[in-house]
Structure formats: C-alpha cells, structure tokens
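This is what each chain is made of:
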Amino acid sequence: MRSLTKLTWVELKLFVREPLSIIFTFAFPLVLLVVLIASFTPNDPAFGGLRPSDYYLASYIAVVIGAIGLIVVPVRIAGYREGGVLRRLRASSVPGWSVFASQAAVGLGMAVVGAILLGAVGRLAYGAALPASLISVTAAFLIGAFSFLALGLLLALIAPNARAAQGLGLLLFLPLWLLSGAGPPPDVMGAGMRHVSEALPLTYVVRALQDPWVGSGANVAALLVLIAVAAVATAVTLWLERRAG
Amino acid sequence: MTPIIEVEHLSKSYGETVAVEDVSFDVARGEIFGILGRNGNGKTTTVEMIQGLRTADGGRVRVLGIDPQHDPRRLRPRIGSQLQESALPPRIKVWEAIDLFSSFTPRGGDWRKVLKQWGLTGKEKASFTSLSGGERQRLFVALALVNEPEVVFLDEMTQGLDPVARRVAWDLIREVRERGTTVILVTHYMEEAEQLGDRLAIMNDGRVVAIGSPQELIARSGRATKVHFSTGDRDVSWLSEIEPVSAVTQHDGQAQVTGSGSVLALVASALVSHGIIPSDLRAERPSLEDVFLELTDSAPADLAAPAIATKAATAGRRAA
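Quick note, the sequences are listed as chains A and B, same order. If you're matching positions, the first sequence starts at 1 in this note's numbering and goes up one per residue. If you're matching positions, the second sequence starts at 1 in this note's numbering and goes up one per residue.
A few of these clues could be false.
[Unchecked claim] So, partial list: chain B residues that the calculated Cβ filter (under 8 Å) puts toward chain A:
{"id": "1", "residue": "51"}
{"id": "2", "residue": "58"}
{"id": "3", "residue": "74"}
{"id": "4", "residue": "78"}
{"id": "5", "residue": "293"}
{"id": "6", "residue": "295"}
[To be verified] In silico EDC-like pairs for lysine to aspartate or glutamate, Cα to Cα no more than 20 Å straight-line:
{"id": "7", "chain 1": "A", "residue 1": "6", "chain 2": "B", "residue 2": "175"}
{"id": "8", "chain 1": "B", "residue 1": "116", "chain 2": "B", "residue 2": "21"}
{"id": "9", "chain 1": "B", "residue 1": "125", "chain 2": "A", "residue 2": "18"}
{"id": "10", "chain 1": "A", "residue 1": "13", "chain 2": "B", "residue 2": "124"}
{"id": "11", "chain 1": "A", "residue 1": "13", "chain 2": "B", "residue 2": "175"}
{"id": "12", "chain 1": "B", "residue 1": "93", "chain 2": "A", "residue 2": "18"}
{"id": "13", "chain 1": "A", "residue 1": "13", "chain 2": "B", "residue 2": "99"}
{"id": "14", "chain 1": "A", "residue 1": "6", "chain 2": "B", "residue 2": "99"}
{"id": "15", "chain 1": "B", "residue 1": "93", "chain 2": "B", "residue 2": "71"}
Calculated directly from the structure, the hints in this document are not laboratory data. We put the CB at the ideal spot given by N, CA and C, even for glycine.
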C-alpha cells in the first residue's frame with residue numbers, strides 16, 4: 001500500500017508538470033464556459049427554465065470528467081506502455097493495475113480541482129447558484145467520474161500507443177462534448193441531435209449534475225445509466241486483461 | 001552446488017520467425033555469466049523469458065528454484081532487472097525515480113546513498129529526459145540493484161557510455177559480484193564479455209553456439225599466438241624446435257613465431273639464454289573476438305562441442 005500511495009503522489013506531481021494535461025483539464029473547459037455564458041442573455045428561454053450560467057456550469061463540470069476520462073488518462077497510460085515504463089515497473093513488482101489505479105486516482109483528484117475552479121468562476125463572475133443539494137451533486141460527480149474513468153481505463157488497455165489513445169479519445173470526446181449538453185442548448189438542437197444525445201453517456205452526467213443542482217432532486221435514472229456504463233466498462237476491461245495473460 | 005539458474009531447451013518463435021531455439025545453460029551462484037552475441041540474435045528474448053517478462057514457447061527455466069514462467073511474482077522481489085528497451089516517465093526527477101523504486105522493496109535504502117554510489121550526484125533534480133545516455137544507463141542499473149537482489153540481469157548495460165564511464169561501470173559490477181550477487185550480463189561488446197565474464201554463452205541465430213570461460217573458449221578455438229620481435233640479422237629458425245612453436249618466419253630483420261599456449265614465455269626465455277634480448281618483443285594473442293567471429297560463421301558440425309563443454313565446465317566447478 002505504501003508503494004501505491006507513493007506512486008500516486010509521484011503521478012500527481014508528473015501530471016502537473018505536463019502542459020497538455022493542464023490545458024485539457026482546466027483551461028479548455030474554463031474558456032468555453034466563459035464564452036458560452038457570455039453568448040446568451042441570462043433569461044434566454046432555450047435552457048428549459050435554467051439560466052445559462054447554471055446550465056453550463058454543470059455541463060462543463062461534466063466536460064472536465066469526460067476530458068480526463070476519455071483523453072487525459074488513456075493517453076498517459078498508453079504513453080507509458082509505448083515507452084516501456086509499464087514493463088519497467090512490472091519488472092520491479094509493480095503490477096499494471098497499480099498504475100491504472102494511481103492514474104485514476106490522480107484523474108479523479110484533478111477532476112475535483114477542475115470542478116472547484118469552474119464553480120468558483122461561475123459563482124464569482126456570473127452569479128451561478130450554489131448547488132441546492134450538495135450531497136446529491138457530489139454523489140453524481142463521483143458516480144460520473146468513476147464511470148468515465150472506467151471507460152478511460154478500457155481505452156488505455158486497448159490503445160497500443162499514446163497517439164492512438166489520443167485519436168480514439170478525441171473521436172469519442174468531441175461528439176460527447178458537442179451534443180451532451182455543453183454545446184448548443186437543448187431547445188436549439190434539432191430532434192435528430194437530441195436523439196443522438198440520449199445515447200451518449202456524458203448526457204447522463206450532465207443531467208445527474210444539473211437536476212440536484214437546481215433543486216429538482218437526484219436524477220436516479222441518470223445515475224443508474226452511469227453505474228451500468230461503469231460496470232460494463234470494468235467487466236470488458238477485466239475480460240480483456242484475463243484473455244491477454 | 002545447484003546452479004542458481006537452470007535453463008533447458010528454451011525456445012520462442014514469433015510466427016514464422018524463430019527468435020530463440022533450444023537454449024540451455026546453467027549459471028552458478030556468485031558468478032558473472034555473460035551472454036554474448038550480435039544484436040537481434042536472441043539474447044534479450046532469452047533473458048526476458050528467464051526473468052518472466054516474456055512467455056516462452058517451450059523449455060524449462062528455474063531461477064532460485066522458482067519457475068519464472070508460472071510464478072513470476074514470487075521471483076521478482078529477489079531479482080533485479082536493467083532492461084534494454086526501457087524508460088521512465090519523461091518528466092520524473094532522478095531522486096524521485098530512485099525514491100519511488102526504493103519504496104517498492106522492503107530493502108530499499110535512502111535515495112541519496114544510491115545517487116552517490118552511481119555517480120549521479122548533482123543530478124538529483126534533473127528530469128529523466130534531460131539526462132545523457134550514459135547517465136540514463138547508470139540510473140537504470142542503480143534501479144535494478146535498489147532491492148539488493150540475489151540475481152541481477154543487465155542487458156547492454158554500457159551502451160552509450162564513453163570508455164572511461166564503461167570502465168567505471170565494470171568496476172561497479174565487479175563490486176556487485178564481490179557482495180555475492182550473481183550477474184547475468186547480456187552484451188555485444190567483446191571486450192566487456194572478456195573482461196567481466198567468468199563464463200560466457202555465445203549466441204548466434206537464436207542458438208547457443210558455445211559455453212565456457214573466455215580463456216577456455218579461446219584455448220578451445222586452437223587459434224595461434226603470434227610473437228613478434230626484431231632480430232637484426234641473426235637467424236632464429238632454431239626456435240621451431242621449441243614444443244609449442246608451429247612456424248618461424250623472418251623478414252627484413254623482423255621475426256614472427258607462431259605457436260600456442262605458453263609460446264611467448266618459452267620463446268622469450270630461449271632468446272635470452274641465447275643472448276638475444278630484443279626490446280620490442282610482443283605477442284598477438286587470439287582474442288575473444290576472433291573466437292566469436294569464427295564460431296558465428298561456423299558450420300552446424302561445430303555445434304556438437306558446446307554440450308560437452310557445458311558438462312566439463314560444470315563438472316570443473318563442482319570439483320573446485
């Protein structure tokens with residue numbers, strides 16, 4: 001356990017030394033949040049009764065989770081595999097799952113920091129509301145994060161190198177970002193886009209965060225979808241792992 | 001004494017390509033065992049299978065009595081690995097890497113001591129990518145020894161080191177052996193194998209073509225030693241009467257005496273007792289490189305010799 005703790009601490013230090021990780025995790029969601037809130041008037045009716053600041057704050061916290069899960073974590077792990085780092089660690093009795101666990105832990109930590117950063121900007125600059133039920137929002141955040149980290153670890157297992165992980169991650173991330181609720185508001189999206197949105201896992205993170213945030217209570221259906229996603233992703237990961245060796 | 005490593009009929013293929021075929025050898029406790037061969041001839045694949053980092057297609061391996069193919073986790077804490085293709089996260093600092101790897105083992109010591117021992121003082125805050133090739137190699141060897149293993153596997157340990165750094169590394173490996181660690185050294189440098197190896201296995205095309213100490217291998221090859229010196233105008237053809245001498249040629253005041261074994265000592269002694277004391281007496285001894293080149297261009301018939309050589313070498317060690 002002592003070595004896993006130390007590994008996680010070192011991974012954390014390494015994460016913050018990487019400019020690309022910082023940009024994707026913090027700068028990109030923050031800039032988009034600001035731009036989007038500024039693009040709409042506070043009582044624009046396209047958000048189903050919510051103010052744009054409240055709507056987008058929750059969705060961009062989801063985006064942080066999505067970016068870390070689908071891109072940042074898989075790219076780091078695939079990069080380690082490609083570079084021989086995983087093998088070097090395995091030769092010193094550090095199993096693959098330890099590396100995955102430490103990366104996931106750092107990913108979760110960074111997602112929390114990202115969420116707090118967005119929340120601070122949203123509240124202080126745009127007067128976004130505080131969450132009506134902090135417990136429900138936190139639970140939704142954690143379940144969403146675990147769900148996307150599980151997807152990320154699956155991607156990390158199947159991507160042969162960092163470039164492939166980045167390509168695959170971006171391919172998956174971009175539609176999620178645009179259609180799950182961090183892009184055009186729901187009333188602006190056509191029926192076709194809304195249908196696609198229903199099939200995207202990030203949509204459920206957005207809903208799971210938004211509902212308790214504005215006082216509509218926990219969105220149990222969304223949470224169940226996310227738990228199912230996490231379960232399936234984990235099961236596939238373990239099955240592939242067992243098949244490989 | 002049971003060998004600390006037993007390898008029997010180890011083999012591995014990648015589809016059509018045979019990487020390792022029918023490799024067998026034993027390693028005795030406390031020796032430096034070299035595996036010598038050109039790049040791409042199966043050395044790394046062989047040692048990675050012995051360390052349990054690669055699956056073997058066939059054969060039997062035991063390291064410290066443990067089967068690395070089926071029980072690698074029990075073996076890993078007791079061995080050290082310096083891998084050929086290996087890296088660390090690019091931005092990790094030297095002290096962080098040593099500290100991290102020390103934390104993986106109960107025997108891990110203070111990173112400052114390791115840093116100093118391997119000549120990396122002053123580089124503790126340097127990132128891995130900023131290190132020179134030689135510094136990276138030293139770091140990897142340091143990491144391989146951080147758990148004070150009973151057996152350490154070094155794969156091309158001095159690659160990228162300048163001649164001075166290489167000799168420093170050789171001294172460190174000798175010290176490691178003095179402390180009782182068994183060393184498996186994979187290399188394509190002849191001089192390194194000759195200088196460090198107590199015994200060597202020469203590999204070619206995925207097979208072992210010879211096993212023995214450097215001296216045994218050279219002697220077995222039957223290659224001649226050539227002794228050169230100036231004679232002025234004196235005739236030295238009588239030297240051919242000395243036992244180990246096979247030929248004497250003289251040309252332009254220079255003599256060349258071809259022979260084997262102790263020919264240099266006997267020729268020198270004979271010359272002195274005849275009143276000839278040349279100031280430029282020198283010998284050209286067969287080197288491991290000569291032996292290696294001969295063996296790796298050899299016909300299959302020569303492959304019969306190694307099996308006998310192994311048993312002879314092992315029997316010799318048991319008697320000693």
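Chain A contact restraint for residue 58 of chain B - C-beta distance below 8 Å: violated (18 Å)
Straight-line alpha-carbon gap residue 93 of chain B to residue 71 of chain B, limit 20 Å: Since the Cα atoms of residue 93 of chain B and residue 71 of chain B sit roughly 32 Å apart, the hinted pair is violated (cutoff 20 Å).
Agreement of residue 6 of chain A and residue 99 of chain B with the hint, judged by alpha carbon distance not exceeding 20 Å: holds (9 Å)
Pair hint outcome, residue 13 of chain A versus residue 124 of chain B [Cα-Cα no greater than 20 Å]: Holds. Residue 13 of chain A to residue 124 of chain B sits at ~16 Å (cutoff 20 Å).
Proposed proximity, residue 18 of chain A with residue 93 of chain B (alpha carbon, max 20 Å): Given that 20 Å is the threshold and the Cα spacing comes to 13 Å, the pair holds.
Hint check, residue 78 of chain B versus chain A [nearest Cβ-Cβ separation less than 8 Å]: violated (10 Å)
Residue hint residue 295 of chain B, partner chain A, criterion CB-CB below 8 Å: It is violated, given that the least Cβ distance between residue 295 of chain B and chain A is near 31 Å, above 8 Å.
Restraint satisfaction for residue 51 of chain B [CB to CB of chain A, less than 8 Å]: Holds, because the Cβ-Cβ distance from residue 51 of chain B to chain A comes to roughly 7 Å (cut-off 8 Å).
Pairwise hint evaluation, residue 18 of chain A against residue 125 of chain B, where the allowed Cα distance is 20 Å at most: Given that 20 Å is the threshold and the Cα spacing comes to 17 Å, the pair holds.
Interface hint compliance - residue 74 of chain B to chain A, C-beta minimum distance less than 8 Å: Interface hint status for residue 74 of chain B: violated (10 Å vs cutoff 8 Å).
Hinted pair residue 13 of chain A and residue 175 of chain B, Cα distance within 20 Å: violated (35 Å)
Pairwise hint evaluation, residue 99 of chain B against residue 13 of chain A, where the allowed Cα distance is 20 Å at most: Given pair residue 13 of chain A, residue 99 of chain B holds - Cα atoms ~14 Å apart, limit 20 Å.
Comparing the model with each numbered hint stated earlier shows that hints 2, 3, 4, 5, 6, 7, 8, 11 and 15 do not hold.
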